[in-house]
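2 protein chains.
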Amino acid sequence: MHIIVVYDTAAERNPKILRTCRRYLHHVQRSVFEGQLSPAQFTRFQRDVKDLIDDEYDHVIAYTLPPGAVPQRVTWGQERDAPSDIL
Amino acid sequence: MHIIVVYDTAAERNPKILRTCRRYLHHVQRSVFEGQLSPAQFTRFQRDVKDLIDDEYDHVIAYTLPPGAVPQRVTWGQERDAPSDIL
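Residue numbers (the working numbering), protein chains in the order written: chain Z, 1 to 87; chain F, 1 to 87.
Note that these hints are calculated values from the structure, not bench results.
Wrong hints could be hidden among the right ones.
What the hints assert, rightly or not - Going by beta-carbon spacing under 7 Å, a handful of chain Z positions derived as facing chain F: (1) Glu12; (2) Asn14; (3) Pro15; (4) Gln36; (5) Leu37; (6) Ser38; (7) Asp51; (8) Leu52; (9) Ile53; (10) Asp58; (11) Ile61; (12) Thr64; (13) Pro66; (14) Glu79.
Ideal placement from N, C-alpha and C gives every residue a C-beta, glycine not left out.
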């Protein structure tokens, strides 16, 4: 299924959430990731995210689309700090 | 159709993009909005966003879902600066 993840986490946890998201998804904007995950991968992703965030200070949303549904994407401008695999 | 908008804009343009997104969508995280728009509303939204961003420094993605498709949403934690209608 197609997943879009957005997060707003405290600065000290940003590198960890970034690394976790990168293990599962593509980096498309500063704190936005997307990709295709199986239900089992999504279960592991949820466990990993839950383990590293602080519920009092962080906020993560994962949108999961119905099976087979792929979103269209309209983009304006360019990412300032181009996402890459180098941390 | 269901729309999810994420943006990463230069600080000086944040208030304007925030106000524009709020005219059309619900604020769900610092730089994330979502909601239902008609094709005509989405056309106006696109024009408004295009008019206010600087293509060299800003980045905006609008995901549009296939008609009838509504994403499921898994959320962890809470938004630190709770979205509100007050700027």
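Notebook entry, point to check: Do the numbers back the hint for Z/Ser38, that is, is its least Cβ distance to chain F under 7 Å?
Noted result: At 16 Å from the nearest chain F Cβ, Z/Ser38 fails the 7 Å test, so the hint is violated.
Check: If you take the shortest Cβ to Cβ gap from Z/Glu79 to chain F, is it below 7 Å?
Finding: 5 Å, holds
Margin query: Can you verify the interface hint for Z/Glu12: is its Cβ closer than 7 Å to any Cβ in chain F?
Written below: Since chain F brings no Cβ nearer than about 13 Å to Z/Glu12, farther than 7 Å, the hint is violated.
Notebook entry, point to check: Does Z/Asp51 meet its interface restraint, that is, does its C-beta lie within less than 7 Å of any C-beta in chain F?
Noted result: At about 10 Å, which exceeds the 7 Å cut-off, the nearest Cβ of chain F leaves the hint on Z/Asp51 violated.
Notebook entry, point to check: Do the numbers back the hint for Z/Ile53, that is, is its least Cβ distance to chain F under 7 Å?
Noted result: Holds, about 6 Å.
Margin query: Does Z/Asp58 hold up as a contact with chain F if the rule is Cβ-Cβ below 7 Å?
Written below: Holds. Min distance 4 Å.
Item checked: Hint check, Z/Leu37 versus chain F [nearest Cβ-Cβ separation less than 7 Å] -> Because about 12 Å separates Z/Leu37 from the closest Cβ in chain F, which is outside the 7 Å limit, the hint is violated.
Item checked: Supplied contact hint for Z/Gln36, tested at 7 Å Cβ to chain F -> 14 Å, violated
Notebook entry, point to check: Should the interface hint for Z/Leu52 be scored as holding, given a Cβ-Cβ cut-off of 7 Å against chain F?
Noted result: 10 Å, violated
Check: Would the hint on Z/Ile61 stand, with a C-beta cut-off of 7 Å toward chain F?
Finding: Holds: closest Cβ of chain F sits about 5 Å from Z/Ile61, inside 7 Å.
Item checked: When the least beta-carbon distance from Z/Pro15 to chain F is tested against 7 Å, hint result -> 17 Å, violated
Check: With a cut-off of 7 Å, does the beta carbon of Z/Asn14 approach a beta carbon of chain F closely enough for the hint to hold?
Finding: Z/Asn14 check fails; min Cβ-Cβ to chain F is 13 Å, beyond 7 Å.
When held up to the earlier numbered hints, the structure conflicts with 1, 2, 3, 4, 5, 6, 7, 8 and fits the remainder.
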